[in-house]
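S.K.: One-letter residues, chain by chain:
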Amino acid sequence: MTDMRRLLLLCSLWLALAPAAFAATALDYTRNILEKARAIVNTDQDHNKKLADLQALLKDFLDTDQMGRDALADHAKQFSPAQMTEFLGLFRTLFQRTYLQKLLFFEKPVFDYVGETPVDGFTRVDTTIDTPRDQFSVTYRMRPAGDHWLATDIQVEDLSLTNNFRQQLDRLLSKGSAETLLDSMRRKYGKGAAEPKDDEP
Amino acid sequence: MNNLRKLLWVFRKDLRLIARDRAALAFMVIVPIIVILVVAETQGGGSENILLPVVNEDQGPVANALIKVFREHLDVKEVDRATGENLVRRSEAAAVMVLPGEMSKRYLTNRPSTIELLTDPAQGRELSAIKAVMLLADRDAASLGDPFHEELLDMKERSLVGDRLKFSSLEQNVPGFAVTFVLLSLVFSVAFGLRDEEAWGTSGRIAIAPVAPWAVLGGKLLARLVMGALQLTLLLLFGHFMYKLSLGHSVLAFTLTVLAVVSSMACFSVIVAAVARTREQIIPVGLSAMFILASIGGCWWPFFEQPRWMQTVAQAAMTTWSMSALHDVMLRQRGVLEVGPKLLFLFAYAAVCFAIGQRLFRYAES
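From first to last, the protein sequence lines are chains A and B. So the first sequence is numbered by this note's numbering: it starts at 14 and just counts up by one. So the second sequence is numbered by this note's numbering: it starts at 214 and just counts up by one.
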């Protein structure tokens, strides 16, 4: 390989990785992801296609494994390693859908990026979704992960989604076993579970 | 063999007699076709014809998403609260939905909100259709966003027109069928009664008697009116005692409504008698009039199931006004003053029909 070719290859690689490399701060990375999400939401595609594209986009943004463990809290002890692996897989779908359903309520979301603040070893990114009449605050708790950032919790107004799941899971696991919970999650989010319809908001 | 030949002669003679009345023959074919077309058209509507006024106090994304789903199934109109309540009180809408302020914020932070549904329970089927769409919208909004089935949208129902929140389907159907049978009786008894005068030969004597034609016709109709009013009252009383059908709070309003309904139908029957110039024509003309008026007037199925244009046309039918007045008095428990304009319309309708009928009606020359 000639030097010229090597140089061209390096330039191509640099160009390909440039967006990630430029997403140096948590705020920039969040902005990058949310603007892509906004572009998907604003398309005229059907609901399921939007959902699929958004799920693919958020794969590298949401740390659902960490959220799932946080949501289980002390109940994690009730899970065998195999059950935990299955739970985290199902929880990923559950969390993504919950977050995306909330996002998809906004027909043409307008994001405003307020700023970022380091808090307890994490970086807190404050954003808002603006509507003609109202403003909804959405805060992301971010941690660095290699060349990008991962959200370990999302707070909509005063509701932390992880805390909300913790309360719901606590209620369910206090009454039933891990297997019962997995059963109900499998039915709803496992393979073969009913897909949402196109006309769902 | 001889008898068989005579049978064929009689057959030929009767066939020629029937064929002589061309109008009756035409009515036999054309009228059922018209009735079939009308009935088929009345079934062409659906829930998208149901008006649902929505008071959007939220103006947020969740309210917009709900309204979007409602629009796919109902005729949604965003209004202020006073306008919405007026639409229900005037029976132009079965319910007004109030989406409360801050609903979106509460929903997105998993806090429940209460949607108010201010109703007119007398429009039971429209209301059921609205509630079905609400369930659908609630499910659409909640099923995935709220994974563990927490109820985030609660509904509080309140009647704007009376104490009760619900009427049974019998309570809504009995008046419709009662009106249908009274209309049927009146159309045929008036038309046949007048044509019978020709058969009995009394029409000639009436024509030369020193009495005004309107007085003769009026007297005959008055007798039918009394019989029709008794029939309608008895049918509704039967519904009351048998199926607990509400008759309303005001005896006077009930009595005047029965009289107004029967007057309009009795006088309309004179027009039917005038159009059907022979006994043979009475059955197809009478049946077609009865079928069309009962179907478009909301006697058999909910008014909203008809296409919009037919609902507009139905405003000219006395059955529409009759059903509306009966529902006002019996289900909405309204008094004379409130139902007064409808009763005045029905009495005026009767007067106009009487005038037209009296002008058109002629005895066939013997």
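Since the hints were made in silico from the structure, they are not lab data. These numbers come from a predicted model, not from an experiment. Where a beta carbon is used, it is the ideal one built from N, C-alpha and C, also for glycine. You may find that some hints are simply not true.
Below, computed lysine-lysine pairings styled on BS3-like, alpha-carbon distance capped at 30 Å [as the list claims (entries may be wrong)]: (1) A/Lys-49 <-> A/Lys-121; (2) A/Lys-63 <-> B/Lys-290; (3) B/Lys-379 <-> A/Lys-201; (4) B/Lys-281 <-> A/Lys-121; (5) B/Lys-433 <-> B/Lys-281; (6) B/Lys-281 <-> A/Lys-201; (7) A/Lys-63 <-> B/Lys-281; (8) B/Lys-433 <-> B/Lys-344; (9) A/Lys-49 <-> A/Lys-201; (10) A/Lys-62 <-> B/Lys-379; (11) A/Lys-49 <-> B/Lys-379; (12) B/Lys-344 <-> A/Lys-121; (13) A/Lys-62 <-> A/Lys-49; (14) B/Lys-457 <-> B/Lys-379; (15) A/Lys-90 <-> A/Lys-188; (16) A/Lys-201 <-> A/Lys-90; (17) B/Lys-281 <-> B/Lys-226; (18) B/Lys-379 <-> B/Lys-290; (19) B/Lys-344 <-> B/Lys-379; (20) B/Lys-457 <-> A/Lys-121; (21) B/Lys-555 <-> B/Lys-290; (22) A/Lys-201 <-> A/Lys-62; (23) B/Lys-290 <-> B/Lys-219; (24) A/Lys-188 <-> A/Lys-121.
Computed Cβ-Cβ distance ranges for the label pairs, DEER-style [to be verified]: (25) A/Ser-190 <-> B/Asp-376: 46 to 52 Å; (26) B/Pro-520 <-> A/Leu-172: 35 to 41 Å; (27) B/Asp-288 <-> A/Lys-121: 57 to 63 Å; (28) A/Ala-69 <-> B/Lys-290: 22 to 28 Å; (29) B/Gln-528 <-> A/Lys-121: 52 to 58 Å; (30) A/Leu-172 <-> B/Arg-294: 44 to 50 Å; (31) B/Ala-239 <-> A/Gln-58: 20 to 26 Å; (32) A/Ala-69 <-> B/Ser-341: 49 to 55 Å.
If you want the footprint, here are the derived chain A segments under chain B, 3+ residues with CB under 8 Å [to be verified]: (33) 45-59; (34) 109-119.
S.K.: Could you work out which earlier hints the structure fails to respect and list their numbers in ascending sequence?
M.R.: 3, 5, 8, 10, 11, 17, 20, 23, 24, 26, 27, 28, 29, 30, 31, 32, 33
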